[in-house]
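As they're listed, the protein sequences go chains A and B.
In this text, residue positions in the first sequence follow the working numbering: the first is 1, and each later residue adds one.
In this text, residue positions in the second sequence follow the working numbering: the first is 1, and each later residue adds one.
Since the hints were made in silico from the structure, they are not lab data.
Possibly wrong hints are sitting among the right ones.
Not everything, but these chain A residues come out facing chain B in the computed CB check (under 8 Å) [what the hints assert, rightly or not]: (1) Met43; (2) Leu46; (3) Glu96; (4) Cys227; (5) Ile231.
Using N, Cα and C, we set each Cβ at its ideal position, and we do this for glycine too.
Number of protein chains: 2
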Amino acid sequence: MPRFFINEKPNEKVIITGEDAVHIGRSLRMKIGEEIVLCHNGMDFLSKIENITDKEVVCVVSSIMQSQAEPSISVTLYQALPKSDKMEFIVQKAVELGVTKIVPVLTSRCVSRPDAKTFEKKRARLKKISLSAAKQSGRGIIPEISEILSIEKAIDDMVKNDLSLICYEKGGASLNSHDFRALKSVGLFIGSEGGFEQAEVDKCISKGVIPIGLGKRILRCETAPICAISIIMNLSGNM
Amino acid sequence: MPRFFINEKPNEKVIITGEDAVHIGRSLRMKIGEEIVLCHNGMDFLSKIENITDKEVVCVVSSIMQSQAEPSISVTLYQALPKSDKMEFIVQKAVELGVTKIVPVLTSRCVSRPDAKTFEKKRARLKKISLSAAKQSGRGIIPEISEILSIEKAIDDMVKNDLSLICYEKGGASLNSHDFRALKSVGLFIGSEGGFEQAEVDKCISKGVIPIGLGKRILRCETAPICAISIIMNLSGNM
C-alpha cells in the first residue's frame, strides 16, 4: 500500500497537498475509497481517500498502529565525509537497512572538506535521498541527516548512545562481542577513504568509544557502513 | 604491500609482464630489493624484486603462506540480473565481502535480458571489476564470474552447496536459524528488481533451497546481497 510521510500528527481528517497529492492522483491514479498509509514519527495511520482534486487529497484515518518496519534499536551512523557521491549511496543504503540518524563528520583524512554553507546544499540533497529511501523501504520515520560535525563534536554526541563503536582497520573486537539485543541505541563511527589517523582513534577510545574490526578483507569506506549496519541489525534481532 | 594475481603457481623465480609490470615499475616506482606479494589460488607468495625493465619485473619468491583474507566458508552468489550498472556494483561489493563466485541468473522478472553473446561483453567487464576489487580488498583469489544461467540450471548448481538459500520478501526464516560455522559452502539466491515469482520460489523449495527473510524493511535488489553476505560472513566467524 502506498506510504506518505506527513509533518504533523494527523487528526481524523487529513488534507494532503503538494507533490504527494499529485503523486496520488496523477501518477498512482488512486480513486475515492482506496487506502493509503500516512506515516508520522514511527506510527502508521491507515487512511481512506474521501476526495481527490487536482491540488489536494482528503483522507479519513481509519486505524492507527506502530510502524512494523522500525527496528527495536536506534543506530546512528557517524560517517566521515567521503569523496564524490559516495555519501548519497551511503545514506540510501543506511536508510533501507534501518538507521535512525546519519551524522556527517569531518576527519583528518576527508578529501572533501565543504564549508558549512556548501554542505547545506549537499545536505538538502541527502535529505531528499533519505525521504525517498524511507518511502521505498517502508520505514516509519525519515532518518535525520544532521549538519556536518567536527570529530570532537561527533564524539561528544556519539557517547550519549548506550554503546559507541569505531570501525578501525588495524583491529578491534568482532561485532559478535557485544549483546545488541540488550541495547536501545548504538553510535557507529566509520572513516572516509584512508580510514582514521591513530590520534583520532585514541581520542575516541579515551572518551569510551570501542574499536571494532570487520574482518580481514579491506572494505571500501562506502561498503563498511552497509556491512556493519547489516550485522548490527541482525545481531539485535531486526533482520 | 602491493598484491598481484598470477595465472600459474610460481616457481622460485617469477617474471611479471604486461600491465602489472608497468604498474610496478612506473606507477608504484618500486625498486630492486623491494617486496611484493604474488597471489595464486588462495596462496600468498612473498617475493623480492630482483630486476625491473620497461617490460618485465623479475621476482624471487622468499616465502609461501595461505592467504589470510580468504574466508573459511565458500559463498556463491546467484544474482538475478538487475537493470543498468547495478550488477557491477554488486560484483564489487560481494568480492570485497568475501564471496567465492558470482553466478548471474535470468529470472522471470529480469528487465535486462541479454543474449549469451551480449552478456559475454558485460561479463568481461564484470571480471575486471572482480579482479580490481580482489586486489583492493586483499583477497587471495579472484572470484569467478560465471556465464549467465537459466533459473533451472542455477538451481541445479546451487543445491550442490552444503546449504542453499533464497531471499524472499514474502518471508522465510532469519539467517540466524542456520549454523554457518558448521558449513563449508553456501549458495545464496537474490532476485532482481521486483523479486521472484511465487512459482520460481516454489521450484527452488521443491529442489531443497530454503527461503530466508532479511527483516521488515524492503531492500533494493542491490542492497539485499550486500546485507546477506555481510551477515553470513559474520555468522560464520569471518568478520
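Verify the interface restraint on A/Met43: the C-beta must sit less than 8 Å from at least one C-beta of chain B.
-> 15 Å, violated
Taking 8 Å as the limit, does the beta-carbon of A/Leu46 come near enough to a beta-carbon in chain B?
-> Not OK, violated: A/Leu46 not within 8 Å of chain B, min 17 Å.
Does A/Glu96 pass the interface hint, meaning its C-beta sits closer than 8 Å to a C-beta of chain B?
-> 5 Å, holds
Would the stated hint for A/Cys227 survive a check requiring a Cβ distance to chain B of less than 8 Å?
-> Holds. Min distance 4 Å.
With a cut-off of 8 Å, does the beta carbon of A/Ile231 approach a beta carbon of chain B closely enough for the hint to hold?
-> 5 Å, holds
Consistency note: the structure conflicts with the earlier hints numbered 1 and 2.
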